[in-house]
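Engineer: Residue numbers (numbering that gives the first Met the number 0), protein chains in the order written: chain A, 0 to 296; chain B, 0 to 316.
Since the hints were made in silico from the structure, they are not lab data.
Among the clues, some could well be false.
Facing chain A, from chain B, some residues (calculated, C-beta under 10 Å) [unchecked claim]:
#, residue
1, Ala249
2, Ile252
3, Gly253
4, Val283
5, Val293
Negatives, chain A to chain B, calculated, CB over 12 Å [claimed, not checked]:
#, residue
6, Ile34
7, Leu38
8, Gly46
9, Gly78
10, Phe109
11, Val117
12, Glu130
13, Ser200
14, Pro261
15, Gly290
Partial selection, computed: residues in chain A whose CB lies under 8 Å from chain B [stated by the list, open to error]:
#, residue
16, Ile135
17, Leu143
18, Ile276
If you're wondering where the values come from, they're calculated on a predicted model, not measured in any experiment.
We treat Cβ as the ideally placed atom computed from N, Cα and C, and that holds for glycine.
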Amino acid sequence: MTGSALTETAVATTRVSGRVGRIRRLPVPLILGSILLALYIIVAVTGPLWAPYSYDRVGTGKPFAPPSAKNLLGTDQMGRDLFSRVVYGARHELFMALTATAVAVIAGGFLGLLSGFVGGLFDEILMRVFEVLISIPVLVFALLVISAVGPEVSGSQLILIGVVALVWLPRTGRMARSVAVDLVTRDYVMVARARGESAWSIVWRELLPNATGVLLVEFGVRAGYAPILIGSLGFLGLGVRPPIPEWGLMISENRANIVAAPYTVLAPALALSGLVISLNLFTDGLARVLGRQVKRV
Amino acid sequence: MVIVRVLLSRVLWALVTLIAVSFLIFLAIEILPGDIAARVMGRFATEEMKAEFRRMRGLDRPMLERYGEWVIGVAQGDFGDSLVNEYKVSDVVMPKLKNTLLLALFAFILYVPLAIILGSLSAVYREGIVDTLVSGFTLICLSIPEFVMGTLLLYAFAVNIGLFPVMSVVNMAQSTGDAIRMMTLPAVTLAIAMAVYAIRMLRDNLIEVLDSDYIRMAILKGVPLRRVVLRHALPNALVPALNVTALNLAYLIGGVVVVEKVFAFPGIGTLLVDAVFLRDAPVVEACALIVSAVYVIANLVADVMTVALNPRLRTAK
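Full structure from sequences and hints, please.
Structural biologist: The following block contains the structure:
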């Protein structure tokens with residue numbers, strides 16, 4: 000039964016040949032996620048060129064003006080154009096989430112692979128430190144770092160990127176290490192060792208290429224959660240400072256007026272959730288293509 | 000007994016982790032920001048005032064000495080005094096902790112049937128409409144931040160329909176009914192956030208079990224489907240989900256921070272965030288430590304359950 004089903008799909012896929020066929024065979028989540036993500040990236044990059052107003056321009060309409068041709072999504076408490084603010088928000092959100100995650104995956108990936116390869120006391124100590132760091136809940140960890148830096152400085156986007164990267168680092172590090180521990184038993188690593196290659200070159204040339212799949216999926220999982228963390232901190236008033244149009248911050252600014260102007264909350268809420276959805280879809284699809292499992296806990 | 004040794008080592012390691020976490024928290028709050036006196040007394044404090052403050056609080060003593068004193072106090076339930084007011088930290092924290100635990104319990108009671116029912120339905124009718132709907136629902140809920148979901152629920156049920164109060168001040172609740180009404184929305188938010196993982200997990204486990212030979216056997220010998228699922232398959236599929244549930248409990252205590260803030264719920268999360276704003280170091284330390292402790296213990300329970308429920312580990316040499 001499965002045999003005939005297989006031949007049927009084989010026939011079906013050979014029929015749609017060429018590029019279209021190749022795209023059709025990709026998992027639906029990957030296609031959907033890519034399209035949505037591309038939209039977000041386009042808005043983030045080109046937004047300032049076509050957004051009707053600047054994100055901090057006050058008095059573009061009456062406060063809490065309803066949606067109109069002048070203000071597509073209405074205005075907030077200070078008469079700032081909501082549509083422009085949501086559009087500008089995309090670049091802040093994407094920039095912070097992706098940079099922080101990239102830093103964490105690169106640093107954590109390197110440390111984890113090295114630790115798994117070197118082993119011994121270095122590995123033991125580093126993993127114990129990571130485990131201790133992981134045993135503090137994500138948001139509490141972030142709050143601790145923020146209160147350590149001092150709430151005055153922590154409003155800067157660079158500090159916030161550092162906070163998120165620091166929260167992810169032990170998690171990505173442990174993930175990379177678990178891959179490395181498995182890889183070092185493979186023949187090609189032993190051969191490289193026998194050739195007398197340095198630890199650095201083995202990590203770089205043998206381990207990294209074979210760990211990219213796992214690290215890519217890990218990047219996707221963390222990148223998908225980063226906007227939630229950044230938004231939560233913004234919502235709590237401990238993320239970026241006004242007037243930066245960070246979506247979490249916008250939700251908390253406009254929350255008290257949700258009855259008078261529901262759009263002021265719904266628009267950033269939708270934008271933020273949509274970004275996370277597209278990142279998660281993309282990651283799920285990517286994992287399926289790479290034959291990896293997605294672990295989100 | 001292998002299992003006793005394994006469990007003992009897990010418990011010991013959890014204890015070591017907790018001590019390390021307490022040190023990290025102390026380090027982060029007391030050392031890195033530099034001068035607590037300057038932070039508490041503000042810009043206009045003179046040097047003498049700050050020195051006096053440090054002497055009064057014992058901040059002029061070596062860090063390790065203060066840490067040791069703090070940890071010994073914590074072990075006896077004494078978290079020191081608040082910097083903002085004259086209360087003892089434990090007097091401030093304990094009532095809030097009680098509220099949070101109450102909320103967590105409520106969320107957990109909602110979570111269990113939600114996860115089991117939706118998980119089983121989508122496994123039994125896999126690839127069908129129910130499964131598609133549930134998997135769409137979980138994917139969306141997985142992607143909506145808790146504070147957004149809380150805000151949307153608040154808007155829908157409290158503001159528009161007026162079914163629940165907008166603010167949940169449990170202490171001011173007149174009766175148990177009032178208290179439950181006030182805790183419903185935050186508890187629902189937390190329950191949904193938790194259930195998402197469990198539903199997916201349970202579905203995959205149940206599908207695996209349903210494909211096994213003994214289930215096929217049961218179906219072939221004419222056991223009704225409902226009985227097959229409830230009596231034969233579900234108990235076996237629940238075992239791995241128990242582990243997820245313990246991890247979920249750990250998540251719950253972390254996620255509670257934002258959700259409490261959304262509903263102005265007077266719990267430990269709200270207290271933690273407020274203390275970060277007020278720079279009330281002892282309260283921040285106490286809250287962070289308690290939350291982390293619950294997290295570590297929940298993870299320990301998950302670990303222990305995995306070991307205890309795995310017969311192979313029970314009898315291994």
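Engineer: None of the hints should be skipped; say for each whether it holds.
Structural biologist: Results for each hint:
Proximity of B/Ala249 to chain A holds as hinted, the smallest CB-CB distance being about 7 Å (cut-off 10 Å). Here the hint on B/Ile252 is kept, as its CB sits about 7 Å from the closest CB of chain A, short of 10 Å. A least Cβ separation of about 3 Å between B/Gly253 and chain A falls short of the 10 Å threshold, and the interface hint therefore holds. The interface hint given for B/Val283 is met, as the beta carbon of that residue sits about 6 Å from the closest beta carbon of chain A, less than 10 Å.
A distance limit of 10 Å between C-beta atoms decides the matter here; for B/Val293 the minimum to chain A is near 9 Å, and the interface restraint holds. Every CB of chain B is more than 12 Å from the CB of A/Ile34 (nearest about 16 Å), matching its label as outside the interface. With a closest Cβ-Cβ approach of about 15 Å to chain B, A/Leu38 is found to remain outside the 12 Å limit, as its non-interface label requires. For A/Gly46, the shortest C-beta to C-beta distance to chain B comes to about 21 Å, beyond the 12 Å cut-off, and the non-interface label holds.
A cut-off of 12 Å between C-beta atoms confirms that A/Gly78 is not in contact with chain B; the least separation is 22 Å. Every Cβ of chain B is farther than 12 Å from the Cβ of A/Phe109; the closest lies at roughly 23 Å, confirming the non-interface assignment. Annotated as non-interface, A/Val117 keeps its C-beta farther than 12 Å from every C-beta of chain B; the closest such distance is 22 Å. Not every Cβ of chain B is farther than 12 Å from the Cβ of A/Glu130; the closest lies at roughly 7 Å, contradicting the non-interface assignment.
No beta-carbon of chain B comes within 12 Å of the beta-carbon of A/Ser200; the shortest separation is about 34 Å. Remark: the non-interface label on A/Pro261 conflicts with the geometry, its nearest Cβ contact in chain B lying 7 Å away (cut-off 12 Å). Distance check for A/Gly290 against chain B: the nearest CB is about 16 Å away, which clears 12 Å, and the non-interface claim stands. Using the Cβ-Cβ criterion of 8 Å, the hint placing A/Ile135 at the interface with chain B is satisfied: the shortest such distance is roughly 5 Å.
For A/Leu143, the suggested interface contact is upheld, since its CB lies about 5 Å from the closest CB of chain B, less than 8 Å. Taken as an interface hint, A/Ile276 checks out: its beta carbon lies about 4 Å from the nearest beta carbon of chain B, inside 8 Å.
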